[in-house]
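Novice: Here are the chains, one letter per residue:
Protein chains: 2
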Amino acid sequence: MSLISVGTMAFDAIETPFGKVDQIVGGSGTYVAYAAANFITPIQQISIIGYDFPQEELDELKKRGVELDGVETVADKKSFFWSGKYHLDMNNRDTLVTDLNVLADFNPIVPDSYQGAEFLMLGNLSPHIQLSVINQLKVRPKLIAMDSMNFWMDIALDDLKEVLTKIDVLMINDAEARQLSGEFSLAKAARKILSMGPKFLVIKKGEHGALLFHEDHVFFAPALPLEEVFDPTGAGDTFAGGFIGYLAKTKDISFTNMKTAIIMGSALASFCVEKFGPNRLKEITKKELDARLSEFVQLVSFDIDLA
Amino acid sequence: MSLISVGTMAFDAIETPFGKVDQIVGGSGTYVAYAAANFITPIQQISIIGYDFPQEELDELKKRGVELDGVETVADKKSFFWSGKYHLDMNNRDTLVTDLNVLADFNPIVPDSYQGAEFLMLGNLSPHIQLSVINQLKVRPKLIAMDSMNFWMDIALDDLKEVLTKIDVLMINDAEARQLSGEFSLAKAARKILSMGPKFLVIKKGEHGALLFHEDHVFFAPALPLEEVFDPTGAGDTFAGGFIGYLAKTKDISFTNMKTAIIMGSALASFCVEKFGPNRLKEITKKELDARLSEFVQLVSFDIDLA
Chain A
1 MSLISVGTMA
11 FDAIETPFGK
21 VDQIVGGSGT
31 YVAYAAANFI
41 TPIQQISIIG
51 YDFPQEELDE
61 LKKRGVELDG
71 VETVADKKSF
81 FWSGKYHLDM
91 NNRDTLVTDL
101 NVLADFNPIV
111 PDSYQGAEFL
121 MLGNLSPHIQ
131 LSVINQLKVR
141 PKLIAMDSMN
151 FWMDIALDDL
161 KEVLTKIDVL
171 MINDAEARQL
181 SGEFSLAKAA
191 RKILSMGPKF
201 LVIKKGEHGA
211 LLFHEDHVFF
221 APALPLEEVF
231 DPTGAGDTFA
241 GGFIGYLAKT
251 KDISFTNMKT
261 AIIMGSALAS
271 FCVEKFGPNR
281 LKEITKKELD
291 ARLSEFVQLV
301 SFDIDLA
Chain B
1 MSLISVGTMA
11 FDAIETPFGK
21 VDQIVGGSGT
31 YVAYAAANFI
41 TPIQQISIIG
51 YDFPQEELDE
61 LKKRGVELDG
71 VETVADKKSF
81 FWSGKYHLDM
91 NNRDTLVTDL
101 NVLADFNPIV
111 PDSYQGAEFL
121 MLGNLSPHIQ
131 LSVINQLKVR
141 PKLIAMDSMN
151 FWMDIALDDL
161 KEVLTKIDVL
171 MINDAEARQL
181 SGEFSLAKAA
191 RKILSMGPKF
201 LVIKKGEHGA
211 LLFHEDHVFF
221 APALPLEEVF
231 DPTGAGDTFA
241 GGFIGYLAKT
251 KDISFTNMKT
261 AIIMGSALAS
271 FCVEKFGPNR
281 LKEITKKELD
291 ARLSEFVQLV
301 SFDIDLA
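Protein sequence lines, in the order shown, are assigned to chains A and B. For the first sequence, the working numbering gives the first residue as 1, with consecutive numbering after it. For the second sequence, the working numbering gives the first residue as 1, with consecutive numbering after it.
Any given hint could be a false lead.
Which copy is meant is left open, so a pair is good if it fits within one copy or across any two.
Stated by the list, open to error - Heads up, simulated SDA-like pairs for lysine to any residue below, C-alpha to C-alpha not over 25 Å straight-line:
hint, residue 1, residue 2
1, K199, F106
2, K192, F271
3, K249, F302
4, K287, Q179
5, K199, L164
6, K166, I284
7, K205, S301
8, K63, D94
9, K85, L306
10, K77, E288
11, K78, D303
12, K78, I40
13, K62, G50
14, K63, L96
15, K77, I284
16, K62, N150
17, K205, L88
Worth flagging that the hints you see were computed from the coordinates, not collected in a lab.
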């Protein structure tokens, strides 16, 4: 049982109301890998980095069971760089800088050693790249999940729609679900999006939790009301990594198990935001994770006598 | 076992993306009464109306067990009138007109027949009026819940803080909780507000559900993802009415029962938004309510093995 994760490995500069870092390791692929590694190994990473990406980070990932055969290093270019500043509400941010650097040439090659993977997580990249990875796989994975964003809806909608016909789970935020469907009601938006291809739709709502839609079913996972949200960067990718990592571990892609997987993703995301970058993800113990899962159970449990 | 409800009985003019009404019955007291009457009678109403308030509405309320001895009619003035227009997202609205009319002279007198009520719901009114009602009660109710809003935090904060020392449950929205506490994190805001007097704090987040805080406990109630939100007016008051009506019916003010009460309020609010004004609230059958409660149970149920 293995999981391929395709996504960026990058540097971020982040400013939040609580602090600032000029350069910290980031990227969707990095967060997905650290999160999923709580549940399953190997994670077969596909990404591209520049000469400046720290060897210690690669070593740390390897130590946790992340295979890097699919990570291309470009000797004369810098890694992808993103810089953003969060508003006080932490749900909104301004992008200050996007330096594509190596990402401009990203043309992922799936290593032979990755063939046969049963789970595939496509991080937020151009639909063209996502499609290329799918097409290189000789055996279709048991489950393909993908992230996307408004940017691709603006400039590559047709490509995006093509990818949607080939995947199982789409993970986007509420604004993106509204944009993609042209519907304001999330219930209606979900129905339309599910008719475009995916069997499951996860709508991420940040501090307001997440919704999972499948056929006529809907599940709502709350977010824990946290004392401190230090840095939300990577929370969505951590959520995705925890989600697919748990599915890959349990090999069960039923709606019932996906609900549990969403709680796993939410729990990991609640750790992610406690420190800058992926740092907090490297420290989570089994005991801490169990304690947090127990908080989720408490958070939504109630008694109704429907007799 | 009886419940006193203090609030406005009024006319609203409402414009939403889905339609427009120039004059429809509204007011916090009206919504609370219709919602609470699903669970308990009598509801002892305290309000003030003008000559123009429709007799049929009063008859309808009476028929449902709402006592009107505490509703003052002013023969030569109009009822309170509010007019608002909702944005597309339905979570935000602009107030177009506020004609206080009879409300300018509202000086509620608690009828003798209401003395001894065990539950008191103070709708969103000036803290001065809320305090006056509390002070007129010869025996303190078993539970006092109150609604408030940013307007009173702006112009009557000291009075509001005094009322907070005399009540059990405060129900406000997330922006108001942030304003009242000066904290952005809702977890921190809740801790501060609970130190001001209330034993329970309900933070209403509209389409994102509601949070209940008590001591170190927190409960999250989702909102159903609805296909259509036709008119959100009164949803918060309906929620409050369902909440306190259920508590009054069950006579149990434990945290555990309050969680159930919040689900009851959420379910009633989900009906309220389906039609303009309180119309939908007048039609709810027991079967419909049970079906909706079952949707809430489904919405948040998941399996976690914490072994």
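Novice: Go through the copies and call it for K166 and I284: within, between, both or neither, with a Cα cutoff of 25 Å.
Specialist: Result: close neither inside a copy nor across copies, 34 Å intra and 43 Å inter.
Novice: Within, between, both or neither: how does the pair K249, F302 come out at a Cα-Cα threshold of 25 Å?
Specialist: between (29 Å within a copy, 18 Å between copies)
Novice: Could you place K78 and I40 in one of the four classes (within, between, both, neither) given a Cα distance threshold of 25 Å?
Specialist: Neither, since 30 Å and 68 Å both go past 25 Å.
Novice: With identical chains, the pair K62 and G50 could be close in the same copy or across copies; at 25 Å between alpha carbons, which is it: within, between, both, or neither?
Specialist: This pair counts as within: shortest intra-copy Cα distance 18 Å, inter-copy 75 Å.
Novice: Is it within a copy, between copies, both, or neither that the alpha carbon of K85 lies no farther than 25 Å from that of L306?
Specialist: neither (48 Å within a copy, 37 Å between copies)
Novice: For K287 and Q179, with the copy left unspecified, which applies at a CA distance of at most 25 Å: within, between, both, or neither?
Specialist: neither (40 Å within a copy, 36 Å between copies)
Novice: Which holds for K205 with L88 at a C-alpha limit of 25 Å: within a copy, between copies, both or neither?
Specialist: For K205 and L88, the Cα distance is within 25 Å both inside one copy (17 Å) and across copies (18 Å).
Novice: Between the shortest in-copy and the shortest cross-copy C-alpha distance, which are at most 25 Å for K199 and L164: within, between, both, or neither?
Specialist: within (10 Å within a copy, 49 Å between copies)
Novice: Can you give me the call for K199 and F106, within, between, both or neither, at a CA distance of at most 25 Å?
Specialist: neither (29 Å within a copy, 56 Å between copies)
Novice: When no copy is named, should K62 and N150 be tagged within, between, both, or neither for a Cα gap of at most 25 Å?
Specialist: neither (32 Å within a copy, 53 Å between copies)
Novice: What label fits K63 with D94 when the C-alpha limit is 25 Å: within, between, both, or neither?
Specialist: neither (34 Å within a copy, 56 Å between copies)
Novice: Given identical chains, is K77 near I284, meaning Cα to Cα at most 25 Å, within a copy, between copies, both, or neither?
Specialist: Classified as neither: same-chain Cα gap 33 Å, cross-chain 65 Å, threshold 25 Å.
Hint compliance for this structure: hints 1, 4, 6, 8, 9, 10, 11, 12, 14, 15 and 16 are broken, all remaining hints hold.
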